[in-house]
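J.: Each chain, written out:
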Amino acid sequence: MPLCGKYIPPKCRVYGAPYSICTSRVIMTLMEKEVDYELRLLDTAGRDFRILTKEYKEPRYLALQPFGKTPLFQDSEVKMFESRAIIRYIARKHDDHGPHLYGTNEKERTMVDQWLEVEAQNYNPAIAPAVFHLVFAAWFGKIGDIRVINPSLERLEKVLDIYEAQLMKTRYLAGDFFSLADLSHLPFTHLLINHAGKGDLYSKRPFLKAWWEDIFSRPTWLKHLAKAFPHIYYDPNE
Amino acid sequence: MSCEHDHDMATASSVVPKVKLFGAPYSTCTSRVIMCLMEKQVDYDLQVVDIAKTQDHKKPEFLAMQPFGMIPVLQDKDIQVFESRAIVRYIARKHEGHGTPLYGTSEKDRAMVEQWLEVEAQNYNPAIAPAVWHLVHAPLFGQQGDPAIAATSLQKLEKVLDVYEGVLSKSKYLAGDFFSLADLSHIPFTHYLINDGGKAQLISAGDRKQGCSVCNMMSLKVVKTYDLQKFRVNVGDVVAQLDPEGRASDGRLIVDSISRVIPKRPCSGFQ
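Protein chains in written order, with full-length UniProt numbering: chain D, 1 to 238; chain B, 1 to 271.
Hints may be right or wrong, so weigh each one.
[Said to hold, decoys possible] Simulated crosslink set (DSSO-like; lysine-lysine; CA at most 27 angstroms straight-line):
id: 1; chain 1: B; residue 1: Lys58; chain 2: D; residue 2: Lys93
id: 2; chain 1: D; residue 1: Lys57; chain 2: B; residue 2: Lys58
id: 3; chain 1: B; residue 1: Lys108; chain 2: D; residue 2: Lys33
id: 4; chain 1: D; residue 1: Lys169; chain 2: B; residue 2: Lys156
id: 5; chain 1: B; residue 1: Lys58; chain 2: D; residue 2: Lys158
id: 6; chain 1: D; residue 1: Lys57; chain 2: B; residue 2: Lys170
[What the hints assert, rightly or not] Where chain D lies over chain B, by a calculated footprint (3+ residues, C-beta under 8 angstroms):
id: 7; stretch: 72-81
id: 8; stretch: 90-98
id: 9; stretch: 112-121
id: 10; stretch: 156-169
No lab work stands behind these hints, which were simulated from the structure alone. Using N, Cα and C, we set each Cβ at its ideal position, and we do this for glycine too.
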């Protein structure tokens, strides 16, 4: 028996940083679907001082992602960007194994699309400014602007009330199954609760709290956090 | 309108309920869905939800359907869905076998359509929406538009259009050489900006020849899609034939929402 087997390259490649919100979405989906991937570290925010090159500004990257952002996803068939488009593609392509992140029938799939759009159009614009000013500002040695934080949190509270009402009816957002829609909320919400200390917004709404505790404790998420923030988190399942 | 027949057993006497769309003809998001329904040749009933005068979207009956209080909402038998980009995905998927192939013809096409739909939602829309609101829609809602906000948002839009220019120099449409959901999704806001907001020069400025062809492509698509011959009404006669509520002489509501035929005035809550 040979000592080393034939090298089988991973099926796909992700350009981005594991601690980045949008790249996390893609990595989580790949992990949930148990798809092997290769991560090419690219940090557009300049947070990791070890990465000196600004590869995302080079023409050969811009040829693939003309907006110069991450993540960028490549597999044998496609090269694509925009995290929510990538996760839909992965969920569809690997529908035959792993959790059914896109539902099992047309009605469920439509609900997943609906709540993914809700996340993109209603949740994200409300939570992003708060997280930028409460969490990211500190990472880059700045102070957050309270005139941005407070209105953003007020807007988020209104959205959370609606989520609470929905989660009284269904276990997860798109139905009684964990889907891309729930997954998409993980990165920003984790930072708001665990890094910005705004957990009370969620814990005072019982159904929302239950939902959050459920999705946060998914083994793939805990594993991802341990890899993305090795100096802060460890994987309790290891 | 309910129906007791099982739709799987199509009999001569069974009546298929039409798709119901709750929205407003002057709303960009409702237009997105209407365009998709027309491209896919799907019959629908528009239930007007007046967000200007009677504020129907804040009433409990509507909030029960759409808890965020926003239009449009689509009802198709047992499926009820909101968020216009989710609705158009649903329609394109359900009616994949006929009408314009809005999702392309291969998995790769489909991935590109999803990608450019997200680009529209995340990059194009946030840049263009404030401009359209402040330049076009604010007066419709009895408010004063702020030209400074419009100007800032248009500056952001210019950067996005530069990227689009690069992409459209390599392919005929955004997701490839076929008209798709992604291109369709851009039409409502762009149409308002160019035609009602008077910002055509953004698209045809300088070297943006491809951009101009996008605009032309969109206009052509508009003309083709809104072929009023389908409604057996001549374009030239429409204005004369419309009554104050926007209905043609045969009672059909002309929901050519992104055409200049319906003058810019608040809908008076008909229905």
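J.: Can you name, in rising order, the numbers of the hints this structure does not satisfy?
T.: Numbers 1, 2 and 4 - these are the hints that the structure violates, sorted from lowest upward.
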